[in-house]
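Listed below, chain by chain, are the residues.
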Amino acid sequence: MTSAIRIRDLKKTYSDGFEALKGIDLTVEDGDFFALLGPNGAGKSTTIGILCSLVNKTSGSVNIFDTDIDIDFAKAKSYLGIVPQEVNFSVFEKPWQIVQQQAGYYGLEGSVAAERTELYLRKLGLWEKRDSISRTLSGGQKRRLMIARALIHQPRVLILDEPTAGVDIEIRRTMWDFLKQINEQGTTIVLTTHYLEEAENMCRNIAIIDHGSVVHDSSMRALLRGLKTETYVLDVECEAVALAPELHWRNRDACSIEIDVPKGEALNDTFSRLKQQGIKVTSMRNKSNRLEQLFLGLVDDNTSSSSEITGETDK
Amino acid sequence: MSFNKPLNWIALKTLTTKEVVRFTRIWQQTILPPVITTTLYFIIFGNLIGPRIGKMGGFDYMDFIVPGLILMAVITNSYANVASSFFSAKFQSSIEELLVTPTANITILLGYIAGGVARGIMVGVVVTLVSLFFSKLQIYNLTVLVSIIILTSTLFALGGFTNALFAKKFDDISIVPTFILTPFTYLGGVFYSIKLLPDVWQTVSHLNPVLYMINAFRYGFLGVSDISLWTSYTIIIGFIIALFLINLRLISTGYGLRS
Ligand SMILES: Nc1ncnc2c1ncn2[C@@H]1O[C@H](COP(=O)(O)OP(=O)(O)OP(=O)(O)O)[C@@H](O)[C@H]1O
Ligand SMILES: [Mg+2]
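Just so you know, the protein sequences line up as chains A and B, in that order. With numbering that gives the first Met the number 0, you'll find the first sequence wraps up at 314, consecutive numbering, no jumps. With numbering that gives the first Met the number 0, you'll find the second sequence wraps up at 258, consecutive numbering, no jumps.
Simulated from the structure, these hints should not be mistaken for lab results.
Listed below are the simulated DSS-like cross-link pairs for lysine-lysine, each with C-alpha atoms no more than 27 Å apart in a straight line: (1) A/93 / A/122; (2) B/12 / A/128; (3) B/168 / A/93; (4) A/10 / A/21; (5) B/89 / B/168; (6) A/74 / A/10; (7) B/89 / A/74; (8) A/74 / B/12; (9) B/194 / B/135; (10) B/12 / A/93; (11) A/286 / A/179; (12) A/93 / A/128; (13) B/167 / B/89; (14) B/89 / A/93; (15) B/89 / A/128; (16) A/122 / A/179; (17) B/4 / B/89; (18) A/274 / A/286; (19) B/89 / A/10; (20) B/4 / A/74; (21) B/135 / B/54; (22) B/194 / B/54.
Hey, can you work out the whole structure from these sequences and the hints?
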């Protein structure tokens with residue numbers, strides 16, 4: 000079976016001499032749900048740009064299904080739907096125009112183009128807005144418009160560059176469900192994100208790039224298995240608490256603490272020790288930063304952007 | 000690289016329609032201004048000053064300048080349409096939505112050119128209609144008129160495309176019109192027959208490609224020209240081929256479009 004995307008030794012040096020990709024290898028299988036992670040400036044958008052011809056590669060090879068982009072880029076591009084990181088439609092046009100024109104660029108016209116335009120504008124909740132000038136759409140609506148536009152030719156692979164940046168949690172959830180659904184129907188999905196929760200919840204495979212190199216590439220499960228500790232957040236009765244040091248605890252605020260529990264250790268031990276100290280736990284939750292810990296271990300510690308990536312996700 | 004004919008044909012139609020819709024939507028900025036400017040020319044040069052000038056090239060001054068004024072509007076508008084539409088597509092990044100599709104480079108070029116030609120012709124027709132109020136235009140050779148208007152607007156649409164490819168900011172798309180297009184058209188024999196000029200300046204005028212277009216176009220109305228018709232056609236078509244190839248080459252290398 001041919002892979003959906005096969006990237007080998009891909010390098011990109013921009014005209015100013017900056018080496019954005021230093022020879023990356025990536026394979027995305029047909030039907031996969033694939034996460035591409037990495038701090039700001041890692042080279043994610045550059046990689047996507049090369050796949051869709053917006054960036055000229057310096058060297059290396061890219062195959063989309065059976066097609067090498069050096070041999071038949073037009074055919075390779077016909078397999079892809081691209082949702083870019085930044086808004087890139089004409090803000091003076093209306094959503095239906097934008098989507099229907101895109102159909103035309105893929106060779107669809109007339110009633111097929113019109114029906115698909117309606118179908119995807121409805122699916123993305125934009126049908127009511129079809130006649131508004133796109134400039135007046137909200138950030139989340141603009142993003143959904145770009146998803147509708149990317150799906151118009153029913154691509155085999157949908158690539159989304161930070162689709163949920165700046166999108167509220169409710170819409171993010173609906174977007175996740177939507178993406179899961181089209182993935183189940185057979186569309187291969189590749190997404191970049193800074194919300195690690197998103198990658199953890201949705202993606203089967205994950206690659207992490209940093210400074211233009213792949214630093215990790217495996218299944219999500221294998222990656223998480225590598226974790227040595229779990230972190231829990233405990234709400235406690237609001238009293239100054241002093242815990243035994245061996246508990247690896249941190250005060251979050253006066254009424255809650257964080258505890259790292261080594262993997263495999265029963266929670267009972269932790270609780271009995273808390274009890275010994277007279278601390279009353281009122282509630283507890285898992286801090287879903289498991290991927291974040293790993294991530295930070297994998298990418299350079301001095302990456303200036305790590306704070307953005309470790310923004311808490313347990314809210 | 001495979002060239003999918005049906006796909007590219009539909010893409011071309013789509014892009015051309017988009018371009019036509021764009022300039023008709025903003026007709027107050029695209030169609031109306033040239034009509035006002037040309038009407039002023041007709042009034043001032045034709046009606047007020049013209050009778051004092053007398054005959055030019057054997058015709059009433061008004062009748063002499065009308066063809067040049069129409070073509071001047073065609074030139075400016077076909078150029079401006081592509082330069083501003085294509086540049087703003089670059090500027091807004093909306094050109095990316097086209098670049099990521101299988102649409103071929105030549106189709107993209109042709110679509111923008113078609114939009115420029117459509118605007119050139121539309122403005123040309125409207126200005127011609129207006130001119131009927133001021134002069135008793137007669138058509139000497141319709142084939143020449145139609146072919147010259149199409150070729151000229153194609154040529155300047157191509158020029159607008161090149162300009163937009165090189166442009167980095169909005170100012171860059173007004174430099175060429177101001178410093179090249181305007182002087183070339185004004186000195187291209189819109190308002191006078193070059194036979195009035197001293198020999199040296201007649202020779203220099205022959206280096207101006209716009210001269211050939213205006214004279215050929217004037218021939219279509221009046222049946223007179225300072226230049227042989229075939230020279231005009233050769234030169235215009237030569238420029239079109241050259242600019243077309245340059246543009247195509249630039250897009251395929253990704254100049255100004257792909258990083
Ligand atoms: N056109 C360009 N010219 C020069 N350098 C560029 C260009 N585009 C991107 N870069 C540089 O290449 C590096 C990778 O950029 P890229 O956009 O691929 O990062 P990214 O992983 O998508 O980051 P983010 O998460 O912030 O979107 C960055 O250092 C960036 O400054
Ligand atoms: Mg990016």
